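Make the complex out of the two chains shown on their own, each in a separate frame, by following the hints.
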Amino acid sequence: NAGVTQTPKFQVLKTGQSMTLQCAQDMNHNSMYWYRQDPGMGLRLIYYSASEGTTDKGEVPNGYNVSRLNKREFSLRLESAAPSQTSVYFCASRFNRETGELFFGEGSRLTVL
Amino acid sequence: AQSVTQLGSHVSVSEGALVLLRCNYSSSVPPYLFWYVQYPNQGLQLLLKYTTGATLVKGINGFEAEFKKSETSFHLTKPSAHMSDAAEYFCAALGDYKLSFGAGTTVTVRA
Chain A
743 NAGVTQTPKF
753 QVLKTGQSMT
763 LQCAQDMNHN
773 SMYWYRQDPG
783 MGLRLIYYSA
793 SEGTTDKGEV
803 PNGYNVSRLN
813 KREFSLRLES
823 AAPSQTSVYF
833 CASRFNRETG
843 ELFFGEGSRL
853 TVL
Chain B
171 AQSVTQLGSH
181 VSVSEGALVL
191 LRCNYSSSVP
201 PYLFWYVQYP
211 NQGLQLLLKY
221 TTGATLVKGI
231 NGFEAEFKKS
241 ETSFHLTKPS
251 AHMSDAAEYF
261 CAALGDYKLS
271 FGAGTTVTVR
281 A
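Those protein sequences? They're chains A and B, same order as listed.
Here our numbering is used: the first residue of the first sequence is 743, the next is one more, and so on.
Here our numbering is used: the first residue of the second sequence is 171, the next is one more, and so on.
Pulled out of the complex, with its shape left as it was, chain B reads as follows (with noise of 0.2 Å):
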């Protein structure tokens, strides 16, 4: 089964500052990886996936992801932060038909 650990459980940037947030899955293969948005009182929203192919993914709003198969990571990155952008994130992992999320990063941006 995939297990998903997201580091760090809160993330206070500057707007306009690079937002990064972390995520490491262990898998005895490379997994399906997916990072999701949820804004407050709503579901989640896909922000972007890899399945195959080129490792540097682009999402919506601007975020990217990297996957790194000998790192067993898939971080998550914005250059310029907005207020718009204050929200949980997660990550998640796909395997057997069923996505593995991490406990959640939320992200809270400073004017």
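Same shape as in the complex, but just chain A (with noise of 0.2 Å):
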């Protein structure tokens, strides 16, 4: 099995550029999110949809926008990326039972110039 896979693993953008990271899971997980890594501050959850059709803002929701584009893919676009935006993102997906754990992507990593 693949788990969860993100696309691309590296990227470079342009302040001001667009970009969508895609994340897809093969193990038909309810629920998926979408994490920011940086230094010290651990991860902090940005979208996440706790079901096909449902979208929810996290802790940093602001210059991000994500799509549950169905039960396996959820993207996340950053319509003017900011340096500020630089990070390693992170995707995860669970079931919904409560005590189901996340099963995380090998990240993203991006720089904004």
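Hints in this document: simulated from the structure, not taken from any laboratory.
Being a predicted model, the structure only gives us computed values, none of them experimental.
Treat the hints with care, as some may be off.
Straight-line alpha carbon distances no greater than 20 Å define the calculated DMTMM-like cross-link-like pairs of lysine to aspartate or glutamate that follow [as the list claims (entries may be wrong)]:
#, chain 1, residue 1, chain 2, residue 2
1, B, 268, A, 794
2, B, 228, A, 794
3, B, 268, A, 798
4, A, 799, B, 266
5, B, 219, A, 843
6, B, 268, A, 801
7, A, 799, A, 780
8, B, 268, A, 843
9, B, 268, A, 821
The calculated label-pair distances, taken between Cβ atoms and stated as ranges, are [as the list claims (entries may be wrong)]:
#, chain 1, residue 1, chain 2, residue 2, range
10, B, 250, A, 758, 45 to 55 Å
11, B, 196, A, 754, 35 to 45 Å
12, A, 761, B, 173, 42 to 52 Å
13, B, 173, A, 851, 37 to 47 Å
14, A, 811, B, 236, 34 to 44 Å
What the simulated footprint calls covered on chain B by chain A, stretch by stretch (three residues with Cβ under 8 Å from a Cβ of chain A suffice, anywhere in the stretch; the number is not a length) [stated by the list, open to error]:
#, region
15, 208 to 220
16, 229 to 235
17, 272 to 281
We put the beta carbon where it would ideally sit given N, CA and C, even for glycine.
If you want it as structure tokens, here you go:
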């Protein structure tokens, strides 16, 4: 099984450019998540989708949009990238039962110049 | 909402020594708690989790954690560190479909 797959793994953008991070999971999970990881700050939740057809804001949603395309896929879009969005982005998924842990992708490293 | 605090951003231990990573959570009800490990340039991997039942939880790679409700703590331990344990460790708490993470603790292992 591939688990959670993210693309691209690396991306360099100029300020103001847009891009979409793609995420797909093959575990039939209900919920999907986008986190960003910055040194000394742990992982912070950007957006999540508790089930197909729903999305909700997390701790740091400003500057991002998401689409839950179907049960497998959850994309993150930066409409106008800013240097503050330089980070490592992780997609994750889980079953909606109470104790279900998150399964993570390998991350996408984004640099905004 | 859950809040998770990890005490100590860096821990350095000698190979063979005890590893102790501290985690405290804030909640009015016992949460579901997790420890994840992240090796360089990789995603997060589950070490162990506490849901209900036994308060001492065993995980992979010889790690274990004890849930103490009275102290709102979920500290991670390993009796004998190995060089391969060098990584970043995250404590997390689940609530309302969302996982909240601590800031992480980087472990270095000295030969």
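Here is how each hint holds up against the structure:
As the CA atoms of residue 268 (chain B) and residue 794 (chain A) are separated by approximately 16 Å, the hinted pair is consistent with the 20 Å bound. Distance check on the hinted pair: residue 228 (chain B) and residue 794 (chain A) sit about 34 Å apart at the alpha-carbon level, beyond 20 Å; violated. At most 20 Å may separate the alpha-carbon atoms for a hinted pair to count; residue 268 (chain B) and residue 798 (chain A) meet this at roughly 10 Å. About 13 Å separates the Cα atoms of residue 799 (chain A) and residue 266 (chain B), which keeps this hinted pair within 20 Å; it holds.
Between residue 219 (chain B) and residue 843 (chain A), the direct Cα distance comes to roughly 8 Å. Compliance with the 20 Å bound is thereby established for this hinted pair. For the hint linking residue 268 (chain B) to residue 801 (chain A), the alpha-carbon distance of about 10 Å falls within 20 Å, and the restraint holds. Proposed proximity of residue 799 (chain A) and residue 780 (chain A) is supported: the alpha carbons are some 19 Å apart, at most 20 Å. Simply put, residue 268 (chain B) and residue 843 (chain A) have alpha-carbon atoms about 10 Å apart, close enough for the 20 Å limit, and the pair holds.
Restraint check for residue 268 (chain B) and residue 821 (chain A): not satisfied, since their Cα atoms lie roughly 25 Å apart, outside the 20 Å limit. At roughly 52 Å, the beta carbons of residue 250 (chain B) and residue 758 (chain A) sit within the given window of 45 to 55 Å. At about 39 Å, the beta-carbon gap between residue 196 (chain B) and residue 754 (chain A) stays in the expected band of 35 to 45 Å. One distance hint, 42 to 52 Å for the beta-carbon pair residue 761 (chain A) and residue 173 (chain B), is violated here, with the actual separation near 32 Å.
Our hint of 37 to 47 Å for residue 173 (chain B) and residue 851 (chain A) is violated, since their Cβ atoms are close to 28 Å apart. Between residue 811 (chain A) and residue 236 (chain B), the C-beta spacing of about 41 Å keeps the proposed range 34 to 44 Å intact. Figure legend: the region 208 to 220 of chain B, annotated as covered by chain A; annotation consistent (7 residues with Cβ-Cβ distances under 8 Å, at least 3 required). Residues of the region 229 to 235 of chain B with a Cβ under 8 Å from some Cβ of chain A number 0, which does not satisfy the need for three, so the listed coverage is violated.
Judged by the Cβ-Cβ criterion of 8 Å, the region 272 to 281 of chain B is covered by chain A as claimed, because 3 of its residues qualify and three suffice.
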